[in-house]
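**Q** Letter by letter, the chains look like this.
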Amino acid sequence: MTAEDRLRQALLPYGELLSLRRAGGPEDSGLLTAPVHGTDLLVCCPRGEANADALLSLASGMLKGLLQADSAEETTEARWIRRLSGEWTAADETAHPLPPATRCVLVLQMRSGSLPDGLRDMVPMQRQDVLIRFGAGKAVLVKDLVRGEGPAELLDFACALRETFLEEEGQEILIGIGESDVSLRDSFRQAQDALTLGLRYDADRGVWRWQRMVAERLLDDLPPEKAAACTALIFNRKTARLLDEELLNTAEMFLRNSLNLSDTARQLFIHRSTLMYRLDKLQRATGLDLRLFDDAMTFWLLLLLRRRQLESQTRNQFTMEDR
Amino acid sequence: MASVSLQHIYKVYQGGVTAVSDFCLDIEDKEFIVLVGPSGCGKSTTLRMVAGLEEISEGELYIGDKLVNDVAPKDRDIAMVFQNYALYPHMTVYDNMAFGLKLRKTPKDEIRRRVEEAGRILDISHLLNRKPKALSGGQRQRVALGRAIVREPKVFLFDEPLSNLDAKLRVAMRTEITKLHQRLQTTFIYVTHDQTEAMTMASRIVVMKDGVVQQVDTPQNLYDYPTNEFVAGFIGSPQMNFFNVTLKRDGQDVVAVFGDETGENRVVIPRYKVDKFIDESYIGQQVVMGIRPEDIDDSEEALQKFANATLKVKVEVTEQMGSETYLYLTTPGKDGNVIARVDPRTKSRAGDEIRVAMDVEHLHFFDKDTEKTLLNR
Numbered sequence: 001m002t003a004e005d006r007l008r009q010a011l012l013p014y015g016e017l018l019s020l021r022r023a024g025g026p027e028d029s030g031l032l033t034a035p036v037h038g039t040d041l042l043v044c045c046p047r048g049e050a051n052a053d054a055l056l057s058l059a060s061g062m063l064k065g066l067l068q069a070d071s072a073e074e075t076t077e078a079r080w081i082r083r084l085s086g087e088w089t090a091a092d093e094t095a096h097p098l099p100p101a102t103r104c105v106l107v108l109q110m111r112s113g114s115l116p117d118g119l120r121d122m123v124p125m126q127r128q129d130v131l132i133r134f135g136a137g138k139a140v141l142v143k144d145l146v147r148g149e150g151p152a153e154l155l156d157f158a159c160a161l162r163e164t165f166l167e168e169e170g171q172e173i174l175i176g177i178g179e180s181d182v183s184l185r186d187s188f189r190q191a192q193d194a195l196t197l198g199l200r201y202d203a204d205r206g207v208w209r210w211q212r213m214v215a216e217r218l219l220d221d222l223p224p225e226k227a228a229a230c231t232a233l234i235f236n237r238k239t240a241r242l243l244d245e246e247l248l249n250t251a252e253m254f255l256r257n258s259l260n261l262s263d264t265a266r267q268l269f270i271h272r273s274t275l276m277y278r279l280d281k282l283q284r285a286t287g288l289d290l291r292l293f294d295d296a297m298t299f300w301l302l303l304l305l306r307r308r309q310l311e312s313q314t315r316n317q318f319t320m321e322d323r
Numbered sequence: 001m002a003s004v005s006l007q008h009i010y011k012v013y014q015g016g017v018t019a020v021s022d023f024c025l026d027i028e029d030k031e032f033i034v035l036v037g038p039s040g041c042g043k044s045t046t047l048r049m050v051a052g053l054e055e056i057s058e059g060e061l062y063i064g065d066k067l068v069n070d071v072a073p074k075d076r077d078i079a080m081v082f083q084n085y086a087l088y089p090h091m092t093v094y095d096n097m098a099f100g101l102k103l104r105k106t107p108k109d110e111i112r113r114r115v116e117e118a119g120r121i122l123d124i125s126h127l128l129n130r131k132p133k134a135l136s137g138g139q140r141q142r143v144a145l146g147r148a149i150v151r152e153p154k155v156f157l158f159d160e161p162l163s164n165l166d167a168k169l170r171v172a173m174r175t176e177i178t179k180l181h182q183r184l185q186t187t188f189i190y191v192t193h194d195q196t197e198a199m200t201m202a203s204r205i206v207v208m209k210d211g212v213v214q215q216v217d218t219p220q221n222l223y224d225y226p227t228n229e230f231v232a233g234f235i236g237s238p239q240m241n242f243f244n245v246t247l248k249r250d251g252q253d254v255v256a257v258f259g260d261e262t263g264e265n266r267v268v269i270p271r272y273k274v275d276k277f278i279d280e281s282y283i284g285q286q287v288v289m290g291i292r293p294e295d296i297d298d299s300e301e302a303l304q305k306f307a308n309a310t311l312k313v314k315v316e317v318t319e320q321m322g323s324e325t326y327l328y329l330t331t332p333g334k335d336g337n338v339i340a341r342v343d344p345r346t347k348s349r350a351g352d353e354i355r356v357a358m359d360v361e362h363l364h365f366f367d368k369d370t371e372k373t374l375l376n377r
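Chains as they are written, first to last, in my numbering: chain A, 1 to 323; chain B, 1 to 377.
Since the hints were derived computationally from the structure, they do not count as laboratory data.
Virtual Cβ for every residue (Gly too), placed ideally from N, Cα, C.
Take the hints with a grain of salt, since some may be wrong.
To be verified - Pairs of lysine-lysine, PhoX-like flavour, derived with a Cα cap of 25 Å: (1) LYS108(B) <-> LYS66(B); (2) LYS74(B) <-> LYS154(B); (3) LYS209(B) <-> LYS281(A); (4) LYS305(B) <-> LYS276(B); (5) LYS305(B) <-> LYS281(A); (6) LYS30(B) <-> LYS179(B).
As the list claims (entries may be wrong) - Short derived list, chain B residues pointing at chain A, Cβ under 10 Å: (7) PRO38; (8) GLY52; (9) LEU53; (10) ASP77; (11) ALA79; (12) ASN84; (13) PRO89; (14) LYS102; (15) PRO107; (16) SER136; (17) MET199; (18) PRO332; (19) LYS334; (20) ASP335.
My request is simple: use the sequences and hints to build the entire structure.
**A** Next comes the structure, spelled out in structure tokens:
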């Protein structure tokens with residue numbers, strides 16, 4: 001994850017107040033503006049990872065001060081935001097202890113637009129679940145898990161919630177799920193990471209569980225230059241003509257069907273021989289035979305990297321348009 | 001209960017990708033319409049536009065007499081059943097079914113009446129107090145159907161609801177959904193990529209490819225009178241065999257001569273079939289001939305009956321299915337296999353060189369370029 005991504009994530013709890021925009025100047029200047037209470041706060045996002053950490057705590061501190069200046073007494077919501085974003089001290093814990101329980105964090109965000117007003121009614125809560133909005137576009141659900149409830153139930157819950165939103169609002173909600181055996185702060189970060197990485201690497205799905213995203217997390221740590229070099233191994237000028245949409249779609253479907261030729265051919269409604277022909281064609285273009293596990297895995301990883309590259313290009317394009 | 005009318009519907013995404021093009025269909029009240037086609041053909045997009053989950057780029061959508069292009073999904077009086085049949089794990093079956101109604105502030109008594117009624121319809125009354133974890137896959141699917149039924153919608157929308165079930169359960173649920181349609185007497189719009197599902201459930205089927213409707217008709221008509229090569233190949237399993245043939249006059253007869261040009265494999269097309277040609281100018285030209293596997297037979301009786309329509313073939317593989325046997329055949333001038341569905345007591349074995357007869361009554365002909373049928377009904 002780049003320093004800019006991390007900064008954006010760290011500031012997410014203040015989403016409504018902070019809509020980060022690139023300041024003028026060259027793209028790599030790292031300057032961002034954050035309008036806070038009508039005033040533009042200029043923040044700097046250096047490329048170096050070490051500096052980014054320092055910046056995060058500085059920016060968070062400043063924001064905290066600005067936010068708390070409005071009210072002498074901290075709201076429950078603001079307290080939860082502090083608890084999740086890692087500004088929670090031992091003294092805070094003593095003053096506002098949580099009853100012992102297994103909890104995990106889900107971050108909710110609409111695919112487009114803002115969360116509906118009736119959000120609290122639409123999310124079925126139980127026991128000591130907590131739902132906190134941050135900004136117009138996101139909410140955090142801290143779920144209290146009872147005995148017997150685990151990752152499978154969380155996933156079911158998230159899928160059911162998606163259907164509720166589709167049925168009632170006609171809107172698609174996206175859900176990142178953190179783990180339950182870590183601190184709330186870490187679970188929150190994981191849920192946010194799951195959402196960010198999910199949208200970057202597998203945007204068609206709507207529910208992403210952090211723990212299942214090992215490959216995505218590993219790939220995301222690759223510096224952009226290395227990632228680009230890897231992607232170029234098969235997605236390059238030489239192969240661009242051969243790797244057309246039809247061939248890539250076939251390859252993706254074949255991977256999704258766990259390398260099962262019959263299922264893939266049936267879903268694409270092509271003859272098995274046509275599928276074999278396309279896989280041969282892909283092998284000629286890339287040197288990878290997707291019928292072999294090792295080659296299929298290599299292709300899948302490079303496909304993920306390509307998605308990251310495309311997502312980054314789209315993001316940059318939007319940023320340019322924003323200027 | 002309501003009719004649904006899609007008038008010249010288009011879906012064009014940002015960047016100009018057209019997912020659905022000029023979709024026109026009038027669905028009558030209480031009809032069971034199935035949209036079918038290969039992955040990426042636009043069938044789910046069409047359903048999502050009816051549901052209001054996708055914006056309509058162009059065209060008009062009516063539910064009943066009401067134009068609903070700009071009506072919010074929850075106000076369209078529809079209910080959708082999704083692929084995942086996801087249920088809230090911490091809620092009982094009753095609460096899962098009631099949840100949508102509670103959100104709509106439906107009175108408690110009314111909720112109870114509807115959930116209990118849906119429970120009876122789906123035969124899950126005894127499960128209402130159970131949690132989803134204690135249900136089988138089929139029971140969960142029924143609860144998902146129950147969630148839709150309690151809304152008492154005018155139109156039910158199904159988006160590949162059986163694709164996550166195993167083969168045996170899928171067959172059972174197919175029958176359940178058909179019965180449900182008969183019992184509810186409501187309009188059903190159902191999306192699947194499985195042509196068997198489409199054939200067994202639909203009052204009418206809409207076959208789609210690349211965002212374009214290929215044919216709308218009853219299952220039997222689609223099977224017997226496909227309007228083009230794609231529909232002919234898509235409907236039916238194993239799929240129709242296609243041959244490149246040249247239509248020639250031979251005295252009074254019209255014959256289809258197969259690609260190998262040896263003249264050994266030729267089919268005399270009966271006069272009544274020739275009369276069905278849209279345009280006789282195709283005689284003398286190369287066309288595509290289609291015949292379904294069950295219309296190719298290796299029995300003595302068939303060889304005598306269709307003596308003017310036999311094909312010299314080599315048996316590559318035989319697949320015994322119990323009630324029938326599939327012969328995978330090769331013949332000169334045809335790439336790939338010809339499949340015949342024959343009597344299970346056939347004597348043909350792999351490696352045999354035999355002759356098979358074609359039932360000329362059921363021959364299909366298609367234009368080589370446009371792929372459209374050359375026959376009138």
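**Q** Out of the numbered hints, which ones does the structure contradict?
**A** 1, 5, 10, 15, 16, 17, 18, 19
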